[in-house]
Amino acid sequence: MSELRELYQEMVLDHNSRPRNFKKLEGATHQSEGYNPLCGDRITLYLKMRGDLIEDLGFQGTGCAISRASASMMTQSIKGKTIEQAEEIFGAFHKMVTRDVGEPYDSDDLGDLEVLSGVAEFPARVKCASLSWHTLNAALEGKAQKISTE
Amino acid sequence: MTAATPSATLDIARIRDDFPILATQVHGKPLIYLDNAATTQKPRAVIEAIQRYYTEENSNIHRGVHHLSEVATRKYESARGLVRQFIGAHTTREIIFTRGTTEGLNLVAASYGRANISKGDEIIVSAMEHHSNIVPWQMLCQEKGARLRVIPINDRGELLMDEFEKLLSPRTKLVSIVHISNSLGTINPVRRIIELAHAVGAVVLLDAAQSVAHTPIDVQSLDCDFLAFSGHKLFGPTGIGVLYGKQALLEAMPPYQGGGDMISSVTFEHTTYNHLPHKFEAGTPHIEGVIGLGAAIAYVQSVGLHAIAAHEQRLLQYGTTLLAELPKVRMIGTAREKAGILSFVVEGVHPHDVGTILDTEGIAIRAGHHCTMPVMDRFGLPATARASLSLYNTAADLDALVRGLHKVAEVLR
Ligand SMILES: Cc1ncc(COP(=O)(O)O)c(C=O)c1O
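Residue numbers (the numbering used here), protein chains in the order written: chain S, 103 to 252; chain F, 36 to 448.
Any given hint might turn out to be false.
Below, simulated SDA-like cross-link-like pairs (lysine to any residue); rule was C-alpha separation at most 20 Å, straight line [stated by the list, open to error]:
no.	chain 1	residue 1	chain 2	residue 2
1	F	Lys363	S	Leu115
2	F	Lys442	S	Glu243
3	F	Lys64	S	Lys126
4	F	Lys64	S	Glu223
5	F	Lys64	S	Ser104
6	F	Lys442	S	Asp210
7	F	Lys442	S	Arg107
8	F	Lys64	S	Glu105
9	F	Lys363	S	Ser119
10	F	Lys442	S	Glu108
11	F	Lys64	S	Thr164
12	F	Lys442	S	Pro121
13	F	Lys442	S	Lys229
14	S	Lys150	S	Pro121
15	F	Lys442	S	Phe224
16	S	Lys229	F	Lys201
17	F	Lys442	S	Glu223
18	S	Lys183	S	Ala226
19	F	Lys363	S	Thr164
20	S	Lys183	S	Leu115
21	S	Lys229	F	Pro224
22	F	Lys442	S	Leu115
23	F	Lys442	S	Met113
24	F	Lys442	S	Ser119
25	F	Lys64	S	Gly244
26	S	Lys229	S	Glu189
27	F	Lys442	S	Ser104
28	F	Lys201	F	Val170
Reference excerpt, derived from the structure (chain F facing chain S, CB under 8 Å, subset only) [unchecked claim]:
no.	residue
29	Ala80
30	Thr90
31	Glu178
32	Thr391
33	Ala402
34	Gly403
35	Ala418
36	Val446
37	Leu447
If you're looking for bench data, these hints aren't it; they were derived computationally from the structure. Note that CB positions come from ideal geometry on N, CA and C, so glycine has one too.
Extracted from the complex, chain S is given alone in its bound form (with noise of 0.2 Å):
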């Protein structure tokens, strides 16, 4: 039960049930897909920027407790922030979700996000906690997907 518990956190049901931003972004610059074949997740993310700033995001998707809790408290993490904190916080997620169990990691740019590190212990749900922010960067880097020109 304790690995669960890590897993699911307070925080990380809370996000599930009640995940932030959850919506379509009036105004979008950006807009991207995600999907995850093995599970079926389905995640629209929207971009709101200026310059390299992102202003504001929104999403919509189905997914598990795990995609929809991170991607929720991704855009909450991110607001604000320019592309390259994004990356920063982006990379120190990474190595906390897919480190070895046991493994210390740095949480100076996590906050929240901290309590998806249960992750960790399950391997297969790696995939489900990444999914949103592989959709953030394909969404930064296909400058091509613009939805419309500011």
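Starting from the structure of chain S, add chain F with the ligand where the hints point.
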């Protein structure tokens, strides 16, 4: 062989003893294996046959003059004889070893399909097919300008047979249909489907991946034209499967792959193909796989498929009743004719979370689309959780599943 003796009721304790993995633990809990539709566990008889092959009999086949080659060839061909008898084929020439169901389906599409399907022709599949019984036909239709038609299903997950009859026409050249659905458990009325398809001159391929280990099959009595299955869902090794085809059809078909074993003579001007079944078995085959499959079939026969089917039906009834008592659980696939597959969703909980929590209790189920995305679309779901039964499962396994589902509710309250 340590198999139980055939009887109407199975000696489950003894059968469980035949499967070493069932005595292992997962996360410190006894393994409860309910993912048999994905792959079945292997009895000691199969494991030992493979071990014996590599310890005492290993050799290439059909070509050596030495003792070992003769032994290996005899074992390989006698396994073909067992398969023939197991599915009631007329001759071993009709038994082609493949890598699995997927390769069998692709073989028919590439060989029979390319030679016999042309522009304007129609191929019929159903809405509950595994991706392996959709994609090869899509590829063929695209290449030939033919059309893929789909038999719809109702909310219980049953084929709409009157819609099937409406789809049939002189343009119908091939009907490829799953015998038992891996995501819904539906047992399709294949005898009737074959009759109706033959009446318009179409050939019928049965995807028997989910049926061979659970119900007796007689290809001659069914009168199907082709039938494909995988060894690993029948207690045999992975990487080995069988394609049955009526001899006259196979004789007329061009080879699938070229290489050694499938030829009688080769010059740069002209190659003569080998006779059946070797024409379709190019290259050194999966000898160990075939020998393991032979041992698996011998094991199943020693237990008896009628007894296995009866046992699984009892468990299915029991499991269905248990799950119906859980208010948040909804069964997906409630066909009147159903095999031992319990596909379900838990209100408010994604199947992936169900799978993870059950796993910590040592319970193995599958969560996902089960390679049947059109079925998920039909029911408006991204995925289901699926518990699938086999001969070694018990009522206690299903009780554990229910306890696990209570735990899911507790963790994700
Ligand atoms: C109904 C059905 N058809 C085809 C297949 C494909 O079998 P394989 O992957 O062994 O080729 C499966 C396996 O999941 C199946 O359940």
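Checklist entry - Within 20 Å, alpha carbon to alpha carbon, are Lys64 of chain F and Thr164 of chain S? => result 32 Å, violated
Item to check | Pair hint Lys442 of chain F and Lys229 of chain S, alpha-carbon separation not exceeding 20 Å | outcome: 24 Å, violated
Item to check | Straight-line alpha-carbon gap Lys442 of chain F to Glu243 of chain S, limit 20 Å | outcome: 42 Å, violated
Checklist entry - If you draw a straight line from the CA of Lys442 of chain F to the CA of Ser119 of chain S, is it 20 Å or shorter? => result 18 Å, holds
Checklist entry - Going straight from one Cα to the other, do Lys201 of chain F and Val170 of chain F come out at no more than 20 Å? => result 23 Å, violated
Next on the checklist: Holds or violated: Lys442 of chain F and Arg107 of chain S, Cα atoms, limit 20 Å.
Outcome noted: 12 Å, holds
Checklist entry - Does Leu115 of chain S lie within 20 Å of Lys363 of chain F when you go C-alpha to C-alpha? => result 18 Å, holds
Next on the checklist: So if I understand the rule, the pair passes when the alpha-carbon distance is 20 Å or less; does Lys442 of chain F with Asp210 of chain S pass?
Outcome noted: 34 Å, violated
Next on the checklist: Take the shortest C-beta to C-beta distance between Thr90 of chain F and chain S; is it under 8 Å?
Outcome noted: Interface hint status for Thr90 of chain F: violated (35 Å vs cutoff 8 Å).
Item to check | Distance restraint between Lys150 of chain S and Pro121 of chain S, which requires alpha-carbon spacing of 20 Å or less | outcome: Cα-Cα ~19 Å, so holds.
Next on the checklist: Gly403 of chain F was flagged as interface toward chain S. Is the shortest Cβ-Cβ separation under 8 Å?
Outcome noted: 5 Å, holds
Checklist entry - Would the pair Lys229 of chain S and Lys201 of chain F pass a check requiring their Cα atoms to be no farther apart than 20 Å? => result 44 Å, violated
In the structure shown, a violation is registered for the earlier hints numbered 2, 3, 6, 11, 12, 13, 16, 18, 20, 21, 25, 28, 29, 30 and 31, in ascending order.
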